[in-house]
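Turn these sequences into a full structure, and let the hints steer you where they fit.
Given next are the chains, with one letter for each unit.
There are 4 protein chains.
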Amino acid sequence: MSVRAPAIEIPAQPDIDTVRRLAERCSNWGRWGTDDQLGTLNHIQPSDVVAAAGLVRSGRVFSLSIPVGESGPQTGGFGRFNPIHLMIRDGNAAVTGTVVRDFYGGRDRYIRGTDDLLILPLQSGTQWDALSHIIFDGKIYNGYDATSVGSKGAILNDIAVASERIVGRGVLLDVPRALGLPWLEPGHQIHAADLDACLEAQGVEVGRGDIVLIRTGQMAQCRDAGSWGAYAGGSAPGLALDTATWIFDRDIAAVATDTWGMEVLPNETPDVFQPMHIILLVHAGLMVGEIFELEALADDCAADGQYEFLFSAPPLPITGGVGSPVNPMAIK
Amino acid sequence: MSVRAPAIEIPAQPDIDTVRRLAERCSNWGRWGTDDQLGTLNHIQPSDVVAAAGLVRSGRVFSLSIPVGESGPQTGGFGRFNPIHLMIRDGNAAVTGTVVRDFYGGRDRYIRGTDDLLILPLQSGTQWDALSHIIFDGKIYNGYDATSVGSKGAILNDIAVASERIVGRGVLLDVPRALGLPWLEPGHQIHAADLDACLEAQGVEVGRGDIVLIRTGQMAQCRDAGSWGAYAGGSAPGLALDTATWIFDRDIAAVATDTWGMEVLPNETPDVFQPMHIILLVHAGLMVGEIFELEALADDCAADGQYEFLFSAPPLPITGGVGSPVNPMAIK
Amino acid sequence: MSVRAPAIEIPAQPDIDTVRRLAERCSNWGRWGTDDQLGTLNHIQPSDVVAAAGLVRSGRVFSLSIPVGESGPQTGGFGRFNPIHLMIRDGNAAVTGTVVRDFYGGRDRYIRGTDDLLILPLQSGTQWDALSHIIFDGKIYNGYDATSVGSKGAILNDIAVASERIVGRGVLLDVPRALGLPWLEPGHQIHAADLDACLEAQGVEVGRGDIVLIRTGQMAQCRDAGSWGAYAGGSAPGLALDTATWIFDRDIAAVATDTWGMEVLPNETPDVFQPMHIILLVHAGLMVGEIFELEALADDCAADGQYEFLFSAPPLPITGGVGSPVNPMAIK
Amino acid sequence: MSVRAPAIEIPAQPDIDTVRRLAERCSNWGRWGTDDQLGTLNHIQPSDVVAAAGLVRSGRVFSLSIPVGESGPQTGGFGRFNPIHLMIRDGNAAVTGTVVRDFYGGRDRYIRGTDDLLILPLQSGTQWDALSHIIFDGKIYNGYDATSVGSKGAILNDIAVASERIVGRGVLLDVPRALGLPWLEPGHQIHAADLDACLEAQGVEVGRGDIVLIRTGQMAQCRDAGSWGAYAGGSAPGLALDTATWIFDRDIAAVATDTWGMEVLPNETPDVFQPMHIILLVHAGLMVGEIFELEALADDCAADGQYEFLFSAPPLPITGGVGSPVNPMAIK
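Residue numbers (this note's numbering), protein chains in the order written: chain A, 27 to 358; chain B, 27 to 358; chain C, 27 to 358; chain D, 27 to 358.
Some clues are possibly wrong.
Since the list gives no way to pick one copy over another, a pair counts as held whenever it fits inside one copy or between any two copies.
What the hints assert, rightly or not - Derived pair list, reagent style SDA-like, types lysine to any residue, alpha-carbon separation capped at 20 Å: (1) Lys-165 x Gly-103; (2) Lys-165 x Pro-99; (3) Lys-165 x Ile-42; (4) Lys-165 x Val-126; (5) Lys-165 x Asp-325; (6) Lys-165 x Asp-134; (7) Lys-165 x Ser-97; (8) Lys-165 x Gly-123; (9) Lys-165 x Thr-101.
Quick caveat, the hints were computed from the structure, so don't treat them as lab data.
Structure below.
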């Protein structure tokens with residue numbers, strides 16, 4: 027870890043000025059060239075991938091995606107709804123034989139196929155936010171104009187640029203477990219010191235090129251309650267402002283959490299919504315994963331004490347996409 | 027490799043009887059229990075994952091997905107169209123500030139977000155076919171009734187069951203390169219002997235639990251022609267019937283190709299459409315990947331002579347899905 | 027009115043047998059030929075249209091559709107959701123000029139257009155049920171097999187067959203107003219005698235070829251409550267079983283109500299869901315309109331005492347559609 | 027007809043200046059108040075509706091919509107595709123009984139229903155353009171800012187404002203028939219003199235509050251060719267610039283044609299795309315109908331010599347919609 031700049035003191039009541047100072051402090055604009063679209067994914071080197079593969083010891087594999095479908099957490103905010111799954115042709119059509127009439131031109135050649143379709147808001151479930159997902163002062167990461175994200179999608183910083191980049195060393199930070207809690211309550215602020223304490227409790231370090239998965243346990247809490255409740259957009263545990271420099275200074279490649287929005291809600295800044303998105307996505311150029319299912323992985327890490335693993339979570343290469351569903355793999 | 031049954035002679039003019047005999051010969055129904063939904067993915071053991079991770083030497087990572095969007099190959103067959111990408115809110119709304127009016131209840135708290143949506147036929151691009159994708163004689167893999175795939179999707183053998191299973195050793199078989207060709211022409215039948223020759227030329231073997239990627243070069247041909255042409259559903263190079271036992275006997279976990287439909291088109295069986303789908307998906311319980319982009323990977327393998335790699339290609343856990351888009355990662 | 031058959035006595039506890047007897051009693055299968063797809067719309071003659079036009083006296087026009095959009099009543103039942111409206115290109119893109127880049131090939135020729143899109147369950151709002159919408163004992167209207175409604179829609183009795191047929195004399199029956207009530211409570215059964223009393227109170231008659239609009243006031247009740255509540259699929263006032271023969275014997279062309287499902291809920295038949303749909307749609311071949319907005323029209327009719335009008339409510343000619351949104355016009 | 031302003035001479039080579047002069051000449055901004063959203067629909071008075079009803083003599087009814095579905099003319103331009111129709115549950119599910127499992131909670135109460143869904147670009151088929159569909163110099167009709175059409179649709183001038191307004195006297199102008207032609211060739215300019223000649227040949231007049239349907243015959247030509255060809259966005263017969271004042275001065279309420287874009291293509295103005303859209307939609311506030319199916323109506327008018335009729339073509343009240351599919355009724 028190389029601290030590149032002085033610490034930013036977070037005032038008792040942070041506001042837009044605090045956010046601007048943190049954004050400037052954590053800015054990676056121009057760091058990898060004026061035409062860079064990858065941001066902190068540049069931190070991952072091929073040698074890191076090789077090293078991460080060396081962490082695979084038991085062969086256990088964990089999917090970190092919630093189910094894609096109507097059981098998801100969305101309630102309509104920001105136009106997001108849960109994925110709608112529809113059949114184009116199904117097994118019933120095979121049984122009745124109408125699939126031959128409707129799809130095979132009336133010519134029966136023994137086979138019967140089924141097909142389906144999703145109507146899928148790209149931020150509806152387990153997902154990566156692209157660097158075109160957040161705009162501040164008319165700019166997206168690396169200073170590109172907000173108009174780069176037009177009616178047909180992002181022509182810069184789309185999710186597709188990361189399509190073979192999010193493979194490397196993953197580290198889980200199980201914050202509630204380090205605190206002896208089943209989960210963090212909504213509104214719980216995770217500070218930089220909490221992350222340090224968590225790492226120490228887990229006996230692991232994070233550094234350049236790592237993808238850091240931060241468990242708050244909110245998904246466990248929802249499961250315990252039997253309902254998503256206000257998970258999508260309501261109060262949530264999450265990262266506090268002072269973790270921005272913590273993340274930035276360590277040259278972390280990406281961050282993901284098990285919450286809807288990564289950072290604590292209500293935000294520390296009454297005048298700024300989701301300030302960490304501004305700092306991390308727009309200025310640090312760091313991709314953020316949300317709604318990651320971390321429960322089974324967390325249990326496994328607690329059981330064997332190994333909180334690091336090979337992590338492969340490529341987004342779909344959606345042309346112009348400002349986000350992508352993903353089924354992240356943690357391979358231990 | 028353990029050959030479990032006598033060879034099936036493929037007659038000069040194979041037909042439905044040939045297909046039935048091959049299906050029976052290659053059947054895995056009941057092999058992993060009457061309630062199994064994973065089929066040949068059962069061949070992958072945790073130790074295989076560990077071994078596959080050991081293949082990561084250079085840290086080069088390859089995405090095997092074509093872009094997800096309107097540039098895809100579909101032309102309407104089977105109700106499939108290219109993915110439709112729509113913005114829910116975009117950068118223009120950020121610039122004009124109407125995003126505050128339309129999404130933030132008129133309260134400006136500095137941030138501007140963008141969101142998007144896909145209308146996505148699940149078999150439209152780079153994809154896995156679930157074991158519920160193909161029906162024969164009223165049954166899907168493991169003898170489940172076709173009605174298991176209803177209006178709301180598959181309640182058995184859906185794609186979600188494989189959501190943390192398709193990680194293991196991948197092996198590329200670059201058939202045209204082994205033959206000194208840039209690509210195989212449409213209609214070119216790839217026979218078992220061709221696969222053996224290819225393996226020998228490449229100096230690699232395949233066996234239990236491997237995911238085998240077979241390059242025909244058709245995507246290169248389309249790129250060379252500047253058009254998808256009849257790629258989606260037209261004539262294509264692909265696997266011939268005698269490769270079914272080759273695949274089955276080696277306990278291969280999954281197969282993927284760079285074509286629309288894995289097997290040769292026109293099929294060898296005038297009376298049966300896509301007989302290999304019947305044999306492999308319905309009876310062997312083997313998941314099939316299609317429209318895999320193998321060009322860059324193939325070039326790399328040719329360059330360093332290493333045709334094996336860690337392969338991670340989990341489908342999205344789409345509840346009830348009979349297929350899933352996927353961005354497969356080959357990690358060398 | 028010509029009573030064609032003896033009355034069916036409705037027992038104290040009607041059940042499937044009652045429904046079957048009513049269905050047989052009210053059957054129009056074969057009445058207009060074995061290839062008929064129009065059912066009771068056949069009752070409307072050109073001369074009826076001329077006569078109905080003669081009812082236009084004031085030139086006041088009433089739209090009977092609720093708004094199409096996210097404000098609708100659906101809550102997910104039967105896979106129905108409220109219409110999703112998305113912009114393909116909007117005014118923001120015009121302001122920033124990116125529409126030129128994204129849609130006009132970079133060539134600015136002064137004009138700026140906007141485009142949009144609906145994802146629209148056809149039974150989500152004000153709508154006609156096609157005669158292919160309901161199946162009983164494996165048959166749809168006129169005895170066609172249920173398999174006529176396949177994966178690609180209805181090849182018989184689709185909504186498109188009615189695309190220029192639903193124009194004629196409309197008559198409003200304002201049942202609660204005749205009873206001196208603001209609305210009928212959920213569960214309130216409207217019986218044949220109530221319809222007779224309503225007609226008498228209003229001083230109007232209904233007969234061959236009429237389209238009858240029956241107001242329950244439930245929409246007013248929802249509006250009063252400020253919420254749709256259980257409107258979509260919950261308890262509702264509506265038609266009781268004995269109105270089936272009342273409708274059938276009068277040769278009514280179509281019926282529409284201001285409720286989600288036309289008939290009373292809970293149904294009188296514990297063992298049969300929506301028995302009137304079986305009788306009217308499947309056997310009488312009568313198209314049913316639902317979620318019709320009748321409040322303004324009802325007020326106007328009460329004010330001028332004229333409950334009859336020219337009615338024009340053509341469905342969209344959706345190929346294979348089993349329903350259609352409609353904006354019905356009552357022209358007085 | 028009251029000519030309100032001097033004629034605008036159309037130069038041999040019209041350009042943006044011509045368009046601006048015509049737009050100013052034909053402007054209705056402020057004519058019906060600064061908060062008007064109806065534009066020339068204000069021309070229709072209740073007495074006009076009564077008079078139009080008096081034109082109904084034979085009771086013949088004509089649907090002027092092409093089928094809604096995959097057979098439509100779109101080829102992708104402006105993000106428009108043909109409507110996609112999907113079943114939510116179909117007759118096959120009824121036959122197999124899985125609809126009970128999937129939709130009725132396993133409780134069989136005899137009935138079987140089918141449901142469906144459209145993915146429908148609102149400008150894909152027979153449609154009305156709302157006054158929010160076209161923007162010029164940052165404004166829509168009545169001078170509202172273009173930002174009134176945001177990510178969630180139009181908050182001013184949306185299609186829903188017209189939901190009970192497009193009922194009145196319709197007049198068909200069958201231009202090719204008046205010229206003794208089966209159709210007008212693509213690129214054929216319809217001038218004001220042609221409209222006058224057509225009216226004279228037909229023995230009919232148009233005036234205040236009329237909805238004028240102009241047949242070019244292009245749809246007949248496509249049908250004759252067996253293909254839509256370049257119908258969607260290619261060369262087309264249509265209105266020339268000098269018809270703008272003709273339409274404006276007569277206080278016409280709305281105009282519709284049987285072409286994709288109402289006006290002649292290629293446009294007379296090389297520097298301005300669709301100048302008539304700018305003049306009529308943005309400045310005159312006149313709604314434009316496109317892709318109207320006029321063949322059967324035209325034949326009927328030719329047969330009986332009656333080119334006027336009651337016309338009812340309400341759009342769906344799509345909240346925020348910048349267009350709407352419509353099934354227009356011509357009732358004679």
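We went through each hint and held it up to the structure:
1. In the homo-oligomer, the alpha carbons of Lys-165 and Gly-103 never lie at most 20 Å apart, since the shortest distance is 23 Å inside one protomer and 29 Å across protomers.
2. When the C-alpha separation of Lys-165 and Pro-99 is checked against a cutoff of 20 Å, the pair qualifies neither within a copy, at 30 Å, nor between copies, at 34 Å.
3. Only within a single protomer do Lys-165 and Ile-42 lie at most 20 Å apart by alpha-carbon distance; the minimum there is 16 Å, versus 34 Å between protomers.
4. Taking CA atoms no more than 20 Å apart as the test, Lys-165 paired with Val-126 passes between copies only; the shortest distance there is 16 Å, against 53 Å inside one copy.
5. Taking identical chains as interchangeable, the C-alpha atoms of Lys-165 and Asp-325 are never at most 20 Å apart, the minima being 40 Å within one chain and 38 Å between chains.
6. Taking identical chains as interchangeable, the C-alpha atoms of Lys-165 and Asp-134 lie at most 20 Å apart only when they sit on different chains, with a minimum of 16 Å there against 57 Å within one chain.
7. Within a single copy, Lys-165 and Ser-97 get their C-alpha atoms no closer than 35 Å, and across copies no closer than 28 Å, so neither meets the 20 Å cut-off.
8. In this homomeric assembly, Lys-165 and Gly-123 come within 20 Å of each other (Cα to Cα) only across copies, at 13 Å, whereas the closest approach inside a single copy is 55 Å.
9. In this homomeric assembly, Lys-165 and Thr-101 never come within 20 Å of each other (Cα to Cα): the closest approach is 29 Å inside a single copy and 34 Å across copies.
Checked against the numbered hints above, the structure violates hints 1, 2, 5, 7 and 9; every other hint is satisfied.
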